[in-house]
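Residue numbers (our numbering), protein chains in the order written: chain A, 34 to 409; chain B, 34 to 409; chain C, 34 to 409; chain D, 34 to 409.
Hints are computed from structural coordinates only; laboratory data are not their basis.
Treat the hints with care, as some may be off.
If chains are identical, the list can't say which one is meant, so a pair holds when it fits in one copy or spans any two.
[Unchecked claim] Each computed DMTMM-like pair below joins lysine to aspartate or glutamate, with the alpha-carbon atoms no more than 25 angstroms apart:
#, residue 1, residue 2
1, Lys369, Glu236
2, Lys375, Asp358
3, Lys299, Asp176
4, Lys377, Glu236
5, Lys278, Asp176
6, Lys120, Asp141
7, Lys299, Glu332
8, Lys188, Glu279
9, Lys299, Glu366
10, Lys350, Asp243
4 protein chains.
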Amino acid sequence: MHKLTTLLLCIISTTAFAQTQEDHSHKLARSLKFPNVPGYKVMKCDLHMHTVFSDGSVWPDIRVAEALMDGLDAISLTEHLEYQPHKADIPHPDRNRSYELAIKEAKDHNLLIIRGSEITRKMPPGHNNAIFIEDANKMLVDDSVAVFREAKRQKAFTFWNHPMWMAQRPDGISTLTPMHKLLIKEKLLDGIEVVNDGSYSDEALQIALDNNLTIMGTSDVHKLIDWTFGVPQGGHRPITLVFAKEPTIEGIKEGLENRRTVAFFKDLLIGRDEYLIPLIKESLKITSAKYLPKTSVLELEIENLTSATFTLQNRSKYTFAENSDIITLKAGEKTKLQVKTKDKLSSIDLNFEVLNAIHSPNSHPAVTLQATSITQ
Amino acid sequence: MHKLTTLLLCIISTTAFAQTQEDHSHKLARSLKFPNVPGYKVMKCDLHMHTVFSDGSVWPDIRVAEALMDGLDAISLTEHLEYQPHKADIPHPDRNRSYELAIKEAKDHNLLIIRGSEITRKMPPGHNNAIFIEDANKMLVDDSVAVFREAKRQKAFTFWNHPMWMAQRPDGISTLTPMHKLLIKEKLLDGIEVVNDGSYSDEALQIALDNNLTIMGTSDVHKLIDWTFGVPQGGHRPITLVFAKEPTIEGIKEGLENRRTVAFFKDLLIGRDEYLIPLIKESLKITSAKYLPKTSVLELEIENLTSATFTLQNRSKYTFAENSDIITLKAGEKTKLQVKTKDKLSSIDLNFEVLNAIHSPNSHPAVTLQATSITQ
Amino acid sequence: MHKLTTLLLCIISTTAFAQTQEDHSHKLARSLKFPNVPGYKVMKCDLHMHTVFSDGSVWPDIRVAEALMDGLDAISLTEHLEYQPHKADIPHPDRNRSYELAIKEAKDHNLLIIRGSEITRKMPPGHNNAIFIEDANKMLVDDSVAVFREAKRQKAFTFWNHPMWMAQRPDGISTLTPMHKLLIKEKLLDGIEVVNDGSYSDEALQIALDNNLTIMGTSDVHKLIDWTFGVPQGGHRPITLVFAKEPTIEGIKEGLENRRTVAFFKDLLIGRDEYLIPLIKESLKITSAKYLPKTSVLELEIENLTSATFTLQNRSKYTFAENSDIITLKAGEKTKLQVKTKDKLSSIDLNFEVLNAIHSPNSHPAVTLQATSITQ
Amino acid sequence: MHKLTTLLLCIISTTAFAQTQEDHSHKLARSLKFPNVPGYKVMKCDLHMHTVFSDGSVWPDIRVAEALMDGLDAISLTEHLEYQPHKADIPHPDRNRSYELAIKEAKDHNLLIIRGSEITRKMPPGHNNAIFIEDANKMLVDDSVAVFREAKRQKAFTFWNHPMWMAQRPDGISTLTPMHKLLIKEKLLDGIEVVNDGSYSDEALQIALDNNLTIMGTSDVHKLIDWTFGVPQGGHRPITLVFAKEPTIEGIKEGLENRRTVAFFKDLLIGRDEYLIPLIKESLKITSAKYLPKTSVLELEIENLTSATFTLQNRSKYTFAENSDIITLKAGEKTKLQVKTKDKLSSIDLNFEVLNAIHSPNSHPAVTLQATSITQ
């Protein structure tokens, strides 16, 4: 009886203590920023990560805190189903546990938690994530194809993880195995990671394009986001931008299923033109356009509304007064561009190749920035 | 059988995968630095912290990694004995488990892991740590005095945690209870935290001095060192500098038992004169002493070999050519000081009050910096 | 004729060219900030500097630009009367020329230009400035006392420059010569530099106090403010804060004549209590005062409205929950201070010694920060 | 007599005073760096700038100090011959005066001072520099062609300044006038500024290529290098890299006359392939080449030895494990590049387009980086 009281008091006070620790991390302006596009909410998602409930090094609360600091809209804690190195310490039979703890942690925040699991096999099919599942426990299925069928029975969205992973692909080059071809053919596999952790794969992108798979970028973080991606030094985790009709879990799922994604990795934006182009158009805004006094040189001010620094290559007939054909538009900043138009124009179309955007291997999309209502 | 092979492969490869994640944290020059003093190794110790094995948010490997980045010599994972909020997930009955995982993680590194536990009670006696214990499981003793006797039976060093903790002390003022007096009298309590997390207590320091307790400073970290102490913004965790005859666990224990400590918190050094003074003398070195040409103004170059920025107040008869009586010597830097000596001296004693050192509440030690072999 | 046209065109276009050079300097938030005090405008003045019109290295326009960047209210270009090393190139006989060019340059800005000259003699009387003069040319008087009489005839304010200058004082120690005593006695010398360039002098401060001279701090810049004072690295030039009834040249003069100044050098504020204390009181504002929930620990938020980082030493009976007796309030920032009041108070007086303020050698003023309307 | 002594003393002491001002600027690691290439010293030159001796705002000593901080090998103070806005104050009839003062200032330093003048006319021929002249005074010739003949009589190297200057070219587009064609035809004009201050001109580059003119880049600084080019914020002045057989004034002249230059502006390197390619090859060095264990992924470490950040576009058949086809090699840093070679190679040729190098408008040179002796 006496002991019970003691412990009860301890529980209350120790919890309070942990919470009063000052958190300096909010001082960093690290929140990732991308604009919405017409018709879609652009949802910032990291859909592959780990905690102590598989082979990660943190409790789920840290993953939630990291996501909030990074300004994400949704995460999924995709613990390995078959790989449980902490099992001696965390023998919990319920594979949904990590999800449940994260849901609780995030309850007062604007962060969606998506239930997911990593199907962890040798190659083929290697590692694959199933997200939006109903019950992770039912995913413990031996057969490597059958587990995908179970995922689909649960209406999951599935994607192939790090197909370029050198531990399973010593040449680092993603190629489809017969089993992957089967999974795709039977609509059991929906997406593919083109970016995982610190790796980008041109070959994975080609597979996505050739097979109509969803282009994914994930952190696959095991330790700390800050350490792995050098956040205090200006780095960021890879994420998937999902173009959702509604800012909900269902909206993200529908977007993923319909291939409406762009992966964000370092300064790169990787996706299909139909999503890349509108995203770029909303990302770069001409905020001022006026001729320099007594000249036919047009000065534009272009605002980059994103966390990606853009590198543009001039594909117009015009030349610039202060730049070569390569233009850098720093993340979150306004940049001035002086265009020699020879005659004074009332509107102008500037064509660029967007070098930090990729729509197929070694190939970059073209965009037109248009200035109207130019001050003469 | 087939499954076994699959899983085995997964274990190997997934582990490899986790380890190849790039770690950017080493780019920070965050390693804490203090010199040794004659007769003693100055051991940088954080002897109070938590992991998922009590109410912390990380696996022990993160605590080891943080300590290595901070350049510590020793840590103790002092999980709460009686407070186990993760028990539903981590029901492991062995209270030594956190220690064992840390030992394994640190095996290839120059970091000592000290076995310890936090005795977690309501006030009195509040929370207390027992470190250098033999078996944490045997510390699960109901009676609040008996548990200290068990600690001592195991030859532990014990200290009172955050005696100024507002959850147990609403006025924030540390005072000894009858139970604490008893523990001290019976030599069951050896030390007291004068610094815990973000708090410093003048009253706790006075208790240490009045009762010959070891002066302790600890992080008591629950989440991440980087976030709690703003490391990327230049902050650091509190530590205890232990003056050890040998750089071993036994050496640290002997040093703690003999009260040979200085707590380091922000830029403050808190301790008894007999350890503070030699530490300060080794910390500040005159690296050059010469008269400015054609003058009787002596220019000294003083190197601060520590991670603490020093603030000195002039207590000599001399005045300075570029400073008032308050001198700042930045952490890790060399600073020039021009002293007006009127006559040319061949040696000089400069007396200072060290404002960032504390030997009793509101009181700062005096040191003399001596320059000999002055270039005329 | 033809040539005339050519040259005329060149003049117009070349001027335009020089002005279109982009200036990146405004990106630095370097403007010096101090609040006004009841009854007075606190005017930021640098009243000792040089251009190519004596031994400086810049045209007057640079001095104006530097002052605007530093947010000064007034400057004086005090060219050496007798020392004209550029005379071979700039033989202009009018010693007011530098002033006139500066006036023209500053005409569209909120910067007062004060006419002044440096009387440049060997010791005694060394170098002295006369400002608010009517005509520098009439200051070319041989006799070292007579030139002060001429200055006074012009209603000038005069001050002794760098009395600690090692070129004239090999011991770096300011002392009054008989000639200085005479000048003071006859009211021909009004002020004394306690700070000049990188030097501060306790002895000069004592002379100011003993002889009722105005306390001055000046840059005495010859090359570039940015280089000499490390502005990009966070440094600043020394200035004199003049407590003026009106923000005009006349107001500054009246303030100087009545000894109403504080010198600002590095983080130091040097002056008489009657001006230091009100300045400090306006500089440090308690912006929030509330008890931490369920405690008797009062959390204050103190805003430092100045460009000087303050170092306060606690002289109250209270202790703090996160600090020793030494408190640092960073320039321009808000700092939290947790005060252990034991009982809940409705108002509190906190007494501090202000270590970065100096009212006499090695002595610091006391201030009381008062919090009323405390949230319980 | 007495006065003479006084003044003499003042001269000595005041000079000493000016020189003891502390200079913080050396703390900036701003020195521009480029490697030599086989057969040539790469000399860093700024051959167009102004002081108070025409329409600049500083004495020549500041230009020398700025050049030393920037690590330049040679400068020319090219005062306007015909535009002398400070004439009322600086009536010095000798147009070589600025040069002579700079020579004196630089005498103990490793900085070459080249005698030069700016021929300052309306368009045509606009502004042109003549450097390596013998006597600026003799350049005061009315006729705009005759002045070039005089320059050539003095064996000068001449170049057309800012042909894109909007004050003389309202469309900002450089075109040759009949007079320029004549000057070129008669070998009176040798070079053309492709970069001036903050401007780059594709059209000027085309003129240089079409007419075999030397490609020049200059600061044309009037106020301060630090302010105009944002040096504390990481900017730098434009310079011309001259490929000289000897590191002498004669060597620079011979290099300029034989068109051996590359202009450096922001991160751009603008020049002819025969100089650009060797420069790039010496600038980027593969310092390590080894296969990642158990893979066919080759990890290269590439060191960028210059002050220009390189942007490379992959033109090989290989793909990279962590990068798209666009690679950034930061100024002065080592960068790792993982190349998927499929088979293990003993040597490799990597082809890149160098986007920050320009050999003709909108066109970038190709380079091959070769790794031999690869660790398997």
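Comparing the hints with the structure gives:
Taking the closest pair of Cα atoms, Lys369 and Glu236 come within 25 angstroms of each other only across two copies (20 angstroms); inside a single copy the shortest separation is 37 angstroms, beyond that limit. With identical chains, the CA atoms of Lys375 and Asp358 are at most 25 angstroms apart within one copy only, with a shortest distance of 17 angstroms there and 34 angstroms across copies. Proximity of Lys299 to Asp176 under the C-alpha cut-off of 25 angstroms is found in neither arrangement, the shortest distances being 37 angstroms within a copy and 57 angstroms between copies. Only between protomers do Lys377 and Glu236 lie at most 25 angstroms apart by alpha-carbon distance; the minimum there is 19 angstroms, versus 46 angstroms within a single protomer.
Taking the shortest Cα distances, Lys278 and Asp176 never come within 25 angstroms of each other, neither inside one copy (35 angstroms) nor across copies (61 angstroms). With identical chains, the CA atoms of Lys120 and Asp141 are at most 25 angstroms apart between copies only, with a shortest distance of 24 angstroms across copies and 30 angstroms within one. Within a single copy, Lys299 and Glu332 get their C-alpha atoms only as close as 29 angstroms, which misses the 25 angstroms cut-off; across copies the closest is 19 angstroms, which meets it. Taking CA atoms no more than 25 angstroms apart as the test, Lys188 paired with Glu279 passes inside one copy only; the shortest distance there is 19 angstroms, against 62 angstroms between copies.
Proximity of Lys299 and Glu366 under a CA criterion of 25 angstroms is satisfied in both settings, with 17 angstroms inside one chain copy and 18 angstroms between copies. In this homomeric assembly, Lys350 and Asp243 come within 25 angstroms of each other (Cα to Cα) only across copies, at 20 angstroms, whereas the closest approach inside a single copy is 34 angstroms.
Hint compliance for this structure: hints 3, 5 are not met, and every other hint is.
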